[in-house]
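Chemist: Okay, here's what each chain looks like letter by letter:
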Amino acid sequence: MTTAATPALAQAPLEGLRILDLSHFVAGPWCTVLLRELGAEVIKVEPPGGEISRNMGGVYAAGESAIFLGFNSGKKSVCIDLKTAEGREAVVRMAHEADVVVQNFRPGTAERLGVGAEQLRKVRPELVYCAITAFGPDGPYAERPANDPLIQALSGAMWATTTPGGTPIRMGVSLPDFAAGVLAAIGILSAIRRKSSTGKGATVDINLLDSQLYAQTDLLAGGEFSPSVQNGSVRCSEGRYFWVEADGGDSARVPVQGLSEVLRNDTARTRTLEHPTVGELHQLKIPVDVDPPWPATASPPPLLGADTRDILGELGFSDRTIERLADQGIINDDQIRTSNVNTTTPHNKEMP
Amino acid sequence: MPQRLPLEGVTVLDLSHLAAGPWCTMVLADLGADVIKVERPDSGDMSRQAGSVFAEDQSAVFLSLNRNKRSIALDLKDPEGREVFYDLADKADIVVENLRPGKAAQLGVDRSTLEKRNPGIIYASISAFGDSGPYVDLAGNDPIIQALSGAMAITGEADGPPARQGLSVPDFAAGMTAGLAILAALHGRHQDGLGRQLNLNLLDVSVFALGPRAQEFLLNGQEQPRLGSAHPQFAPYQAFPCSDDRYIYIAVINDKFWRLLCTALDEPELVDDPRYITNRDRVERREELTRIVGDLLIEHPSATWLERLQAKGVPCARVNSLSEALSDPQVIHNGLLSTVNHPTVGDLTTVGLPMTLDGVRPAVRTAPPLLGEHTDEILREIDGSSAEDPRPVRSGDKSGLSDKSNLNENRRMR
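Going down the list, the sequences are from chains P and B. Residue numbering for the first sequence follows our numbering, starting at 1 and increasing by one per position. Residue numbering for the second sequence follows our numbering, starting at 1 and increasing by one per position.
Any given hint might turn out to be false.
Which stretches of chain B does chain P cover? Using the computed rule of at least three CB atoms under 8 Å from a CB of chain P, they are [unchecked claim]:
{"#": "1", "segment": "71 to 81"}
{"#": "2", "segment": "161 to 168"}
Anything over 10 Å on all C-beta distances counts as not near chain P; from chain B, calculated [stated by the list, open to error]:
{"#": "3", "residue": "Asp-42"}
{"#": "4", "residue": "Lys-91"}
{"#": "5", "residue": "Lys-103"}
{"#": "6", "residue": "Asp-383"}
35 Å max Cα-Cα, derived DSBU-like pairs, lysine-lysine [claimed, not checked]:
{"#": "7", "chain 1": "B", "residue 1": "Lys-116", "chain 2": "P", "residue 2": "Lys-195"}
{"#": "8", "chain 1": "P", "residue 1": "Lys-200", "chain 2": "P", "residue 2": "Lys-83"}
{"#": "9", "chain 1": "P", "residue 1": "Lys-285", "chain 2": "B", "residue 2": "Lys-103"}
{"#": "10", "chain 1": "B", "residue 1": "Lys-312", "chain 2": "P", "residue 2": "Lys-83"}
{"#": "11", "chain 1": "P", "residue 1": "Lys-200", "chain 2": "P", "residue 2": "Lys-76"}
{"#": "12", "chain 1": "P", "residue 1": "Lys-76", "chain 2": "B", "residue 2": "Lys-256"}
{"#": "13", "chain 1": "P", "residue 1": "Lys-83", "chain 2": "B", "residue 2": "Lys-116"}
{"#": "14", "chain 1": "B", "residue 1": "Lys-312", "chain 2": "P", "residue 2": "Lys-200"}
{"#": "15", "chain 1": "P", "residue 1": "Lys-122", "chain 2": "P", "residue 2": "Lys-195"}
{"#": "16", "chain 1": "P", "residue 1": "Lys-195", "chain 2": "B", "residue 2": "Lys-91"}
{"#": "17", "chain 1": "P", "residue 1": "Lys-76", "chain 2": "P", "residue 2": "Lys-285"}
{"#": "18", "chain 1": "P", "residue 1": "Lys-200", "chain 2": "P", "residue 2": "Lys-122"}
{"#": "19", "chain 1": "B", "residue 1": "Lys-312", "chain 2": "B", "residue 2": "Lys-256"}
Calculated directly from the structure, the hints in this document are not laboratory data. A virtual CB, placed ideally from N, CA and C, is assigned to each residue, including glycine.
Between the sequences and the hints, there should be enough to build the whole structure, so can you do that?
Modeler: In structure tokens:
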């Protein structure tokens, strides 16, 4: 399916949208990296020391975690201490220039930090503000910590994945994070569309538990609740596993592929970015093929604070103020970071 | 004054069936788009007859993925039926289809046909494996995609065979990714005025949804084990059985939560036990740790433990069944479930859109449509409301347009 006249200078569809990203770990960064892949500018605000996912999990390259590397490509990083008055003021100024703010703090934290929806709307009335929580802004669980497996447990997903007579099984895919991330991005773009006709922004509240249930809705309608029926099973032959469909006479049999079979040398699904400390970084591409094509927006995940100086400069902060804020530890920038980064040991960084 | 829904004024022609496509168009419909579901006059969307769970004569799969949409019964193989489709396409913003590759072109409803009439049309095609390659003739159903995507290999009990994730992850993920790409294309159309062909397939989206697992492999090249409910990189981080035969999940993601867990378990000496201080220590000694924590947990019922652990701030949760999930206090509090009246099913409860805008959840406005329920209404919209008998094709058999009243009558039979 090709089109005769493809314009030479196509734009990525979300080019011109500026997202101020206060989020961390998985669901929030997954949302904003999707928006970035589609062309939005994403300015990631990180606390001194970096957002927590830089130090999460057990797989690292050049001191950067797989989780951070996986969900932050193409973003700009501004390292600012939101707990200081001047740091907060700088972020509020950044919100003034943003179309969208995304955060996934626990309920109430953004307001305490002075970056809640109502607070930012005072400087930017038409803002689209998206808050991603585990359970919602209030309610019996709102204050509790939660992450992917707890949501899988509460939602029934773990129960639905259990084999008869067996123990609960966690789905290999972190679906609560994906579901909340992609639905948040959908909510944001919908709110932006409405804004283009009404001029009004919106606060989009979304949470992992509700998003996960939406991903299970096909199992939940009609008043009966059962794991979806399988008409096949995993069988082992010649030392490897196959999924075998036992439906009618036409039996399909496909190998249960390991990650190495799916991803090794897979240039159709992956791309390679040149990361300043990691070197060649292989990543999955967004799985949408477009005609006429959108230009690629790929660049590597930022080093901590790599764009602090530039972004503050664009906002009118003088070099002297920037130096002073850096001296006071309120901001951090790439020069400082670069001199530290090589001291961390690749692949075996300590857990926080 | 009711809130204006964000996608009001957006028209979607929905040629899709079963799960991935309808999931995509449902999220658009939930957000306010006018989704016109084009269905085969004889049997409609094949999901109307799919699966094993039915309420009255309606399948759970269909009921769960088609609310807030309208249905027109239209035979696209019939020239007059196709003309109606073209008239609809002229005014539509978006077409979504998940027919077999090549089928849309065969029916004359592919993008290259439609864009001659409506150059701004955004056309999303969702297939199982793309339009070529080694699997293209395979049935792209959920477990086949899960098996090929790598998800099944990392799901299952330790030392057990791979297991299917109990949910339709590929369909959901493809539906949502398509919805996002469509909204991006709609936004981009403001800038360049161009429509787009968007192609997605279930397999690629399922690989993308591996997320952190994929990025880890792309860094270290290592396969990842199946660990039941546990996680390869954290411990203790799994489901533990309690004395009432119920499981609770404990997710100790860092050292702070480990210390809280030790306190909640009333095992203060564990806090300073050098064997378990860091997550890496705990992951290395996962088996003995599982035994220590497991022996304690099995002593008391789950309710006792949940109360005690939550009081100390330990991340934990009961492993709910699906029905328990729907009556979970937080789910009830959030008001996620929505009930609409369905003409044959009666009160139908479905999972609402999982987001609020300015504190208001977009409502489930209408029940999933009966086959062809809105055929007359939509035809009148095309031809203008004054038209008495908008199309001669309406009464003609060969157009295949359904008679709504008969349909309703039939549907009431159990």
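Chemist: Kindly indicate which numbered hints from before are broken by the structure, ordering the numbers from low to high.
Modeler: 1, 13 and 14
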